[in-house]
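Peer 1: Read off the chains here:
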Amino acid sequence: MYSHAWQTSSILSYVGEKMIPGETLHYLVMAVTALISVVATYMAITEKDLLKAVIFSALQSGMYAILYFLLLAPDILLVYIPVAVGLIPGVLIVLISKTERWEKE
Amino acid sequence: MLEFVIIGGIIAYTIGIALLSVIAVKGPTIGDQVLAIDTITYFTLVIFSLLAILLKQSLLTVTLIPLALWVYALDVYVSKYLISGDLGA
Amino acid sequence: MLDGATVLRVIGSALVCLGAFAAVVSAIGFHRFKNFYLRLHASTVGTIWGTVYALVGTALISLTIEEFGATKWFIFGNIIVTAILVFLLGSAGSHTLARGVHKARVARVQPCVADKLDPELCG
Numbered sequence: 000m001y002s003h004a005w006q007t008s009s010i011l012s013y014v015g016e017k018m019i020p021g022e023t024l025h026y027l028v029m030a031v032t033a034l035i036s037v038v039a040t041y042m043a044i045t046e047k048d049l050l051k052a053v054i055f056s057a058l059q060s061g062m063y064a065i066l067y068f069l070l071l072a073p074d075i076l077l078v079y080i081p082v083a084v085g086l087i088p089g090v091l092i093v094l095i096s097k098t099e100r101w102e103k104e
Numbered sequence: 000m001l002e003f004v005i006i007g008g009i010i011a012y013t014i015g016i017a018l019l020s021v022i023a024v025k026g027p028t029i030g031d032q033v034l035a036i037d038t039i040t041y042f043t044l045v046i047f048s049l050l051a052i053l054l055k056q057s058l059l060t061v062t063l064i065p066l067a068l069w070v071y072a073l074d075v076y077v078s079k080y081l082i083s084g085d086l087g088a
Numbered sequence: 000m001l002d003g004a005t006v007l008r009v010i011g012s013a014l015v016c017l018g019a020f021a022a023v024v025s026a027i028g029f030h031r032f033k034n035f036y037l038r039l040h041a042s043t044v045g046t047i048w049g050t051v052y053a054l055v056g057t058a059l060i061s062l063t064i065e066e067f068g069a070t071k072w073f074i075f076g077n078i079i080v081t082a083i084l085v086f087l088l089g090s091a092g093s094h095t096l097a098r099g100v101h102k103a104r105v106a107r108v109q110p111c112v113a114d115k116l117d118p119e120l121c122g
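Chains as they are written, first to last, in numbering that gives the first Met the number 0: chain A, 0 to 104; chain B, 0 to 88; chain C, 0 to 122.
Treat the hints with care, since some could be wrong.
With beta-carbon atoms standing in for the labels, derived distance ranges [what the hints assert, rightly or not]:
1) A/I75 - C/I64: 25 to 35 Å
2) B/A17 - C/A91: 26 to 36 Å
3) C/V23 - A/R100: 30 to 40 Å
4) A/R100 - C/V9: 51 to 61 Å
Below 27 Å or equal to it, Euclidean Cα-Cα: the simulated BS3-like pairs (lysine-lysine) are [claimed, not checked]:
5) A/K103 - B/K55
6) A/K51 - A/K103
7) A/K51 - C/K33
8) B/K79 - B/K25
9) B/K25 - C/K102
10) A/K47 - B/K79
11) A/K97 - A/K47
12) C/K115 - C/K33
13) B/K79 - C/K102
14) A/K51 - C/K102
15) A/K97 - A/K51
16) B/K79 - C/K115
17) B/K79 - A/K51
18) C/K33 - B/K25
19) C/K102 - A/K47
20) B/K25 - A/K51
21) C/K33 - A/K47
22) C/K115 - C/K102
23) B/K25 - A/K47
24) B/K25 - A/K103
25) C/K71 - B/K55
26) C/K33 - B/K79
27) C/K102 - A/K97
28) C/K71 - C/K115
29) A/K97 - B/K55
With the C-beta cut set under 8 Å, the calculated list includes, among others, these residues of chain C facing chain B [to be verified]:
30) V15
31) G45
32) T46
33) A91
34) A113
Just so you know, the hints here were simulated from the structure itself, not pulled from any lab data. Quick reminder that beta carbons are idealized off the backbone N, C-alpha and C, glycines included.
With the rest of the complex left out, here is chain A (with noise of 0.2 Å):
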């Protein structure tokens, strides 16, 4: 079902006189997001600001979640998508008001 999917909506097979298979694009949204991804999760870790981490790890599961929904599965976006965006962002901002919000050395 998955390539079945992307292959019967190839139509940049028409440009040309090449066949530009439909997966071009799908490829391409793919390795935009997971570049963001990875940037975003140095800079949570290398970050001393911790709310500013936070951000970065929300942003990271946002990436992650178009991810998911590229590779065609929905049940496993709708369980990823209130953990990583509302509920752990929503843990961590109650752990840093508890503890400390500047990591020391």
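Using the hints provided, position chains B and C relative to the given structure of chain A.
Peer 2: Same frame as chain A, now just chains B and C:
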């Protein structure tokens, strides 16, 4: 004809997400970053709905509503922490 | 030519093109504005013109595709409910964020003339 409009829309919204994520990573204050993530999530929502029509799967449209609701909850958490210092737990 | 399906398709495509243009304008506007309180304007353009109108256009397009069969009404209903929710929650969320940032004095009003709510924040 219809597929060109949908694919053009997907490319335009992806350009918007890529430009906005520069502010989300670099932005001078915490408010800029949360605002950029808010807008990135709404653009993601439109990309999901356009892709659900392009791939002819009707079950992919149930994932739109939790995205809109939980990003509003993230805004409320950050605002409550900035005003009163704790989140009431 | 003036079929019901063609009219819906043209209106839906026009709304989606308008939304795509507004998304690029909003993303560029985030870079050009100088402080946080001006970027709220760019975010609202992206939320209302870029999301609500595009979702309504997508719902109208999905009514004309005959391969969906009877589930086209399911898709139409889902997307319309999402458009109403984004219309209500987008403005409320950014208003809450702006109130939080102004009360906590996180962002300064940089080219400022007067700020009557909190005169310390201005210049």
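Peer 1: Each hint should be assessed against the structure and marked as holding or not.
Peer 2: Now the hints, each set against the structure:
1. A hinted range of 25 to 35 Å holds for the C-beta pair A/I75 and C/I64, which are about 26 Å apart.
2. Between B/A17 and C/A91 the Cβ separation comes to about 27 Å, which falls inside the hinted range of 26 to 36 Å.
3. Between C/V23 and A/R100 the C-beta distance comes to about 36 Å, which sits within the given range of 30 to 40 Å.
4. Our hint of 51 to 61 Å for A/R100 and C/V9 holds, since their Cβ atoms are close to 53 Å apart.
5. Between A/K103 and B/K55 the CA atoms are separated by roughly 52 Å; this puts the pair beyond 27 Å, and the hint is violated.
6. Proximity of A/K51 to A/K103 is assessed by CA-CA distance (about 15 Å); at most 27 Å being required, the pair is judged to hold.
7. For the given pair, A/K51 sits about 20 Å from C/K33 by alpha-carbon distance, which is consistent with the 27 Å threshold.
8. Between B/K79 and B/K25 the alpha-carbon distance is near 23 Å, which keeps this suggested pair within the 27 Å criterion.
9. With a C-alpha separation of about 23 Å, the suggested pairing of B/K25 with C/K102 holds against the 27 Å cut-off.
10. A distance of roughly 21 Å separates the Cα atoms of A/K47 and B/K79; the hinted pair therefore holds under the 27 Å criterion.
11. This hinted pair checks out: A/K97 and A/K47 have alpha carbons roughly 17 Å apart, not beyond 27 Å.
12. Distance hint between C/K115 and C/K33 is fulfilled; the C-alpha atoms sit about 20 Å from each other, no more than 27 Å.
13. Taken as a hint, the B/K79 and C/K102 pair is honoured in the structure, with Cα atoms around 11 Å apart against an allowance of 27 Å.
14. Under the criterion of a C-alpha separation no larger than 27 Å, the hint pairing A/K51 with C/K102 is consistent with the structure, at around 19 Å.
15. Between the alpha carbons of A/K97 and A/K51 the distance comes to roughly 16 Å, so the proposed pair stays at or under 27 Å and holds.
16. Restraint check for B/K79 and C/K115: satisfied, since their Cα atoms lie roughly 23 Å apart, inside the 27 Å limit.
17. Under the criterion of a C-alpha separation no larger than 27 Å, the hint pairing B/K79 with A/K51 is consistent with the structure, at around 15 Å.
18. The straight-line distance between the Cα atoms of C/K33 and B/K25 is roughly 14 Å, inside the 27 Å bound, and the hint therefore holds.
19. Restraint check for C/K102 and A/K47: the C-alpha separation of about 24 Å stays at or below 27 Å, so the hint holds.
20. Proposed proximity of B/K25 and A/K51 is supported: the alpha carbons are some 10 Å apart, at most 27 Å.
21. A C-alpha spacing of about 25 Å is found between C/K33 and A/K47, which places the hinted pair at or below 27 Å, so the restraint holds.
22. Between C/K115 and C/K102, the direct Cα distance comes to roughly 13 Å. Compliance with the 27 Å bound is thereby established for this hinted pair.
23. Restraint check for B/K25 and A/K47: satisfied, since their Cα atoms lie roughly 14 Å apart, inside the 27 Å limit.
24. For the given pair, B/K25 sits about 22 Å from A/K103 by alpha-carbon distance, which is consistent with the 27 Å threshold.
25. Between C/K71 and B/K55 the CA atoms are separated by roughly 10 Å; this keeps the pair inside 27 Å, and the hint holds.
26. Distance restraint check for C/K33 and B/K79: the Cα-Cα separation of roughly 25 Å lies within the 27 Å cut-off, and the hinted pair is therefore satisfied.
27. For the hint pairing C/K102 with A/K97, the CA-to-CA distance comes to about 21 Å; that is within 27 Å, so the pair holds.
28. The straight-line distance between the Cα atoms of C/K71 and C/K115 is roughly 52 Å, outside the 27 Å bound, and the hint therefore fails.
29. Taking the CA atoms of A/K97 and B/K55, the gap is about 48 Å. The hint is violated against a cut of 27 Å.
30. Interface restraint check for C/V15: the shortest CB-CB distance to chain B comes to about 5 Å, inside 8 Å, so the restraint holds.
31. The beta carbon of C/G45 is positioned within 8 Å of a beta carbon in chain B (closest approach about 5 Å), and the interface hint is therefore held.
32. At its closest, the beta carbon of C/T46 sits 6 Å from a beta carbon of chain B; the interface hint therefore holds under the 8 Å criterion.
33. Because the closest C-beta pair between C/A91 and chain B is about 7 Å apart, less than 8 Å, the hint holds.
34. The beta carbon of C/A113 is not positioned within 8 Å of any beta carbon in chain B (closest approach about 21 Å), and the interface hint is therefore violated.
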